[in-house]
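Residue numbers (our numbering), protein chains in the order written: chain A, 30 to 323; chain B, 13 to 347.
Hints in this document: simulated from the structure, not taken from any laboratory. Be aware that a few hints might be false.
Derived EDC-like pairs (lysine to aspartate or glutamate); straight-line CA-CA distance at most 16 angstroms [as the list claims (entries may be wrong)]:
no. : chain 1 : residue 1 : chain 2 : residue 2
1   : B       : LYS187    : B       : GLU347
2   : A       : LYS156    : B       : ASP32
3   : B       : LYS187    : A       : GLU84
4   : B       : LYS190    : A       : GLU84
5   : A       : LYS156    : B       : GLU28
6   : B       : LYS182    : A       : ASP116
Every value quoted in this text rests on a predicted model; they were computed, and no experiment measured them.
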Amino acid sequence: MTVLLEARHLIKHFRGVQAVNGIDLALPAGRCFGLLGPNGAGKTTTVELLEGIQEPTSGTIRYRGEPLGPRFRQDIGIMFQSTALQDYVTGRENLRMFGSFYHRTLPLAELSEACALGEFLDRDTRKLSGGQRQRLLLAIALVNDPELIFLDEPTTGLDPQARRNFWELIHQIKGRGKTILLTTHYMEEAYHLCDEIAIMDHGRIIAQGAPRELLAAHFDDVVLQLPLADFPNPAPPLSLTVLRGRDTVEIFTANVDAAIQELRARDISLARLQIRPRTLEDLFLELTGRELRA
Amino acid sequence: MSFKRFWAVFVCRNREFLRDRSTMTWNLLFPVSLIAGFAVAFSGPGLALYKVGMLSTVDGGSGNDFFQTRYIQFIPVADLPTALPKVERHQLDMLVDPAGRRYWINEESPKGYVLERILRGAGAQTDFNKQTVSGRVIRYVDWVAPGILAMNMMFSCLFGVGYVIVRYRKNGMLKRLKATPLTPLEFLSAQVASRLWLILATTALVFAGTDGLIGFPMHGSYLDLFTVFLVGAISLISLGLIVAARTTSEEVAAGLLNALSWPMTFLSGVWFSLEGVHPVLQQCAQLAPLTHIIEAARAVMIDGVGLAAISGHLLALTAMSIGFMAVGAWLFRWE
Ligand SMILES: Nc1ncnc2c1ncn2[C@@H]1O[C@H](COP(=O)(O)OP(=O)(O)OP(=O)(O)O)[C@@H](O)[C@H]1O
Ligand SMILES: [Mg+2]
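Take the sequences, apply the hints, and build the full model.
Structure follows, in structure tokens:
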């Protein structure tokens, strides 16, 4: 598998803040790579270093084995976490302007169709809703039919329907052999879209791998969930790990049969028992010790 | 440098300006109304220079033609106790009681001093022969109009480029452009070109508008005047580029631009002639592009000179443009 973009020992220090603290990354061509982490972990900084927008304090970045140059600029598409567009200019005019910066461009109709810009393509960009803006920004990122696409929290602010459509679009882009680097706070999104994820905290990567493999490597248990009302208070002595939430109790066990027997022995009703597998969310909490906020 | 990329940014910037109706209207109406206002204020018999309070009316035979002097406004007053404080407070320059052959002035008042000299006929030099200036009659408004046109252009150049680029930087638009193959040179030249033609077009409109309203003298060639404004606008826009090169806050940019534009406004002789101003200030004024624009524009419009006569100004403006642009491009950062 060829490596499209490779970073070694990336470090970025701001005055008093070590935003990125020694990161090594390799983006294989044609894959979707996810960067997860709590607020302030250094995701945006890492992505902007890789995009060549910020200069690293130290470390090297290579695209197809070479330092970032004009070829790289032609080949990439970027969607920032937040971007302003020119006032008094429509989406169509924006797409035309950005399109004219590149040697190769996608037809406007195709972009508009893919990002569902239809009804607001000719509207002043100041008058777009948050989600519409987001879709236009994605279209701008795709205007040059990029080989490598950077998406920093692309679905923040989208409604569930729009998010599903976005996932569908990402699948299509991947289907055309493109490489994607995205950051997200939605674990479900990372699980659905990414072939490989890296979890960051305090400027470092603390876990990396395919989502399923990461879960398998960190967890060998499942979660039993009971409504809080069905669980005695104070809790009876149990040999199981119990986590009391706001309205549910979660019990972690690798042996479901034994756990259920133990709960039955304490006369706890299992009528409303639910069993769920471990998710990326669990992994994230375990690794960062923090609640992930969307 | 790709012309395609330059053109795309140029077109988009023009759209933004042309669609922003309020800014556009302001750019056109403000200078027209300013010059028209001056024309009204300075037309007619002329403003009185002096105010003299009269305790009683002058009988026809008082025989003093002081009371016929032009540019002195004679104001009847009721009595001495109410009128005297007005002289003390410079509201009246002099108080006269023709019947009592008395007058009062404030010893601190320069105008009172001059009036006294006139009244007493002091220093009458009868052996001087009067000569009249035989030349074109120039109204104050004719003299001030090129200055106001240039001043308006200056604000539009400085703020229209400087402020706008800082706004783009602050809201992240420049960062987005940095992520594309667009180069700083393409971006900056598109901004300059867009502002340049818009300013020349609006200045031409303002010129035509005010000319229609009050009528300018135009003794030189329109092409020469256009050259002055063209070279001048380029130098002012380049000055704006320096301010915009790195500033990230609109407040700082506005402060810097004001710090540049207001002293220039006062130093460059927009409102009053620099004759007799301290020589150091006159030297400083030569460093301001606006001075050269205004002097050259006045020379063309009022004196009707050709390009050769104003080549010094044009050269100075060109040199400044090159210097400012080099510094601006060197300092420029997308972020
Ligand atoms: N230009 C800057 N100057 C100083 N500090 C910065 C700058 N940019 C980022 N930081 C700091 O670096 C750290 C990492 O920021 P970064 O934006 O990369 O986080 P993030 O993981 O993208 O967070 P979020 O999920 O909130 O978007 C933060 O502590 C932030 O305050
Ligand atoms: Mg971020």
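Given the proposed pairing of B/LYS190 with A/GLU84, does the C-alpha separation stay at or below 16 angstroms?
-> With Cα atoms ~13 angstroms apart, B/LYS190 and A/GLU84 stay inside 16 angstroms; holds.
Regarding the pair B/LYS187 and A/GLU84, is the alpha-carbon distance no greater than 16 angstroms?
-> It holds: about 13 angstroms lies between the C-alpha atoms, which stays within 16 angstroms.
Hey, A/LYS156 versus B/ASP32, does the alpha-carbon distance stay inside 16 angstroms?
-> Distance of about 14 angstroms is within 16 angstroms: holds.
Quickly compare the C-alpha distance for B/LYS187 and B/GLU347 to 16 angstroms and report which way the hint goes.
-> Holds. B/LYS187 to B/GLU347 sits at ~6 angstroms (cutoff 16 angstroms).
16 angstroms Cα cutoff - pair A/LYS156, B/GLU28 = Distance of about 15 angstroms is within 16 angstroms: holds.
Holds or violated: are the alpha carbons of B/LYS182 and A/ASP116 at most 16 angstroms from each other?
-> At roughly 14 angstroms apart (the allowed maximum being 16 angstroms), A/ASP116 and B/LYS182 satisfy the hint.
In this structure, every one of the numbered hints holds.
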